[in-house]
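Chemist: Given next are the chains, with one letter for each unit.
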Amino acid sequence: MIKRYAALIRNAWLVDLQYRASIVLWLLWGVTEPAIALGIWWAIAGDGSVAGYARADFARYFFAVMLINQLTIAWDSWYLDRWIREGELNYRLARPLHPAHEAVAENIAYKARTASVILVVWLVVAVAWPAVRLPFDPGRWAVTAVAVLLAAAMRFFISFTTGLLAFWTTRATAIMDLHAGVSLFLAGRIAPLALLPPAVAGVAGVLWFRSMLAFPVDVLTGAVHGTDAIVRGLAAQLVWLGVWVGAYRLAWIRGLRRYGAVGG
Amino acid sequence: MSSIVTAEQVSKTFQVKVRDPGLRGALRALFRPRYRDVHAVRDVTFRIDPGEIVAFLGPNGAGKTTTLKMLAGLLYPTSGRVEAAGFVPWSGGPSFKRRIALVLGNRQQLVWDLPPEETFLLNRAIYDIPAGEYRERLAELVTLLELGDVLQKPVRQLSLGERMKCELVASLLHRPPLLFLDEPTLGLDVTAQEAIRRFLIEYRERHGATVLLTSHYMQDVTALASRVLMINRGRLLYDGALEVLVARIARTKRIELVLGGGGGGGDDGNRVTAEALATFGEVKSFRFPNAVLEVRREDAPATSARLLAAFPVADLSIEDPPIEDVIRLAFARGVEENA
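Quick mapping for you: the protein sequence lines, in order, are chains A and B.
The first sequence begins at -18 in this note's numbering and counts up one residue at a time.
The second sequence begins at 84 in this note's numbering and counts up one residue at a time.
By construction, these hints were calculated from the structure, which means they are not laboratory data.
Be aware that a few hints might be false.
Below, a list of computed lysine to aspartate or glutamate pairs in the DMTMM-like style, where the Cα atoms sit at most 25 Å apart [as the list claims (entries may be wrong)]:
#1 236/B to 209/A
#2 -16/A to 272/B
#3 -16/A to 403/B
#4 -16/A to 326/B
#5 100/B to 67/A
#6 -16/A to 398/B
#7 236/B to 28/A
#8 236/B to -3/A
So the derived label-pair ranges between C-beta atoms look like this [said to hold, decoys possible]:
#9 226/A to 270/B: 37 to 47 Å
#10 126/B to 9/A: 55 to 65 Å
#11 362/B to 151/A: 43 to 53 Å
#12 236/B to 151/A: 43 to 53 Å
#13 25/A to 101/B: 22 to 32 Å
#14 89/A to 226/B: 47 to 57 Å
#15 108/B to 162/A: 26 to 36 Å
#16 117/B to 238/A: 17 to 27 Å
#17 403/B to 93/A: 31 to 41 Å
#18 189/B to 112/A: 55 to 65 Å
#19 103/B to 216/A: 14 to 24 Å
According to the in silico footprint, chain B covers these stretches of chain A (three or more CB under 8 Å from chain B) [as the list claims (entries may be wrong)]:
#20 -17 to -11
#21 -7 to 4
Since the structure is predicted, the reported quantities are computational estimates derived from the model, not experimental observations.
Heads up, the beta-carbon is just placed ideally off N, CA and C, and yes, glycines get one too.
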């Protein structure tokens, strides 16, 4: 399996090299959103603070969002929608390799390339700007790595499962757009969850949105601390990952049966 | 010899949503969808022995591709039993998939932006092909398909024919004993079609692979298949040798004429009229200067000679009737099986 992944990732990178300009554009897009959010909160915070967040806290938060969003984001629903609607799934189903492996390999390839660039940018900025420096804390980074892995896995299954809806509807990507829109607020992409009205933040915490992004970001910046809070957060991530894996299994099995019944 | 493919009383019924035209129809379909059964394949039974090249023959929508997809495990039958390469295809899993190749003429697995060799390397990893065997097989396929320097060019710069050849390479590297080819020559020029036919014949001779293909090019079928399965509206109409079918159904040939001389008229006594042509055979169409006659197969050469003598002819060709006509005839007359 390692050989297969190596070959899949290699091909994904080779394709990337053909599309250098569009990679730069995607990267800019990935940087712009948190940069704009940071600009706004920077202005609002002024010399004081908002809900305990001073300017430097916002800076660290949005640099962490920039990095962790790239590490956990998944585009699979768009791919799957195309595979299913345009019959590209057919030859993938005729190969002795589950199509999800190709999708996972694509994710690894994408994340390695964008996140490494952002990490370098962050390091360079941190040299000049002390506000975005993180304290040296390998333990915290290790927990962050686990939280990021769980978030990435969950977002992959959310995206893949939503893409599978293309077996039933032509609007699968619209559903994914809707989810992305909601997660803009509930996952903490434009503001730390602590700044949301408590009811909204509560919803984000009960559902899977906090686990997608805000929790690993808060672990990295230190906003979540204490063994209790960390264990609870990781447990929530595990539970939601389990739910989405279950949803994926159901959608895959039933979707394939439907595909096998009605054709592509 | 035991069969490599078995289909027993296989049927496939699709449910298709019916929608009336217009906004009202769209709304009604949203709240009270109505479905109509489409019988894509009905009660089809056949067996294929290892090493055979068998062609599915039939017009668009006849059920060829549906049958092929059931054999390849992409669709499952509504009723009946399918077996291929020792597996029930739908639930055959990876072991089944290693034993087949599926080539779809209108869908490609080659990575569009990369040279075809990258897709080959990917398939080498997916099918766990040892490096030595990979090199050996690739060299063989490249030679047989006369691919040469194509391997290093990005797929998007390849011609349609080169792409189909590379599709075949990608699909055959794991050397499957059973090949499903859906319209492998679709849209290719005559030279590329011939190259692919030559290749398939040679490949089968060398490796004893079983080939099932669909096509609506008569030439594919005549050049390749020792046996045809003729399907129309989901029913198997004929199973046997092509010559027997053509001799039995298409008892006629078409003589296509392009008449010369001036303007379809003349006062020299050999003015070309439908009536004059009708004395040579059945006039299928006539609009000066083009005429199509249908004559008995055995009479075609003699009639052609007489036509050439009787009229100023600029061009003349003798053709089998279009395959759709053969099938329509077969459908109308109902070919008995066991030819």
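Chemist: Which numbered conditions among the earlier hints are violated in the structure presented, ordered from lowest to highest?
Modeler: 1, 2, 3, 4, 6, 7, 11, 12, 13, 14, 17 and 19
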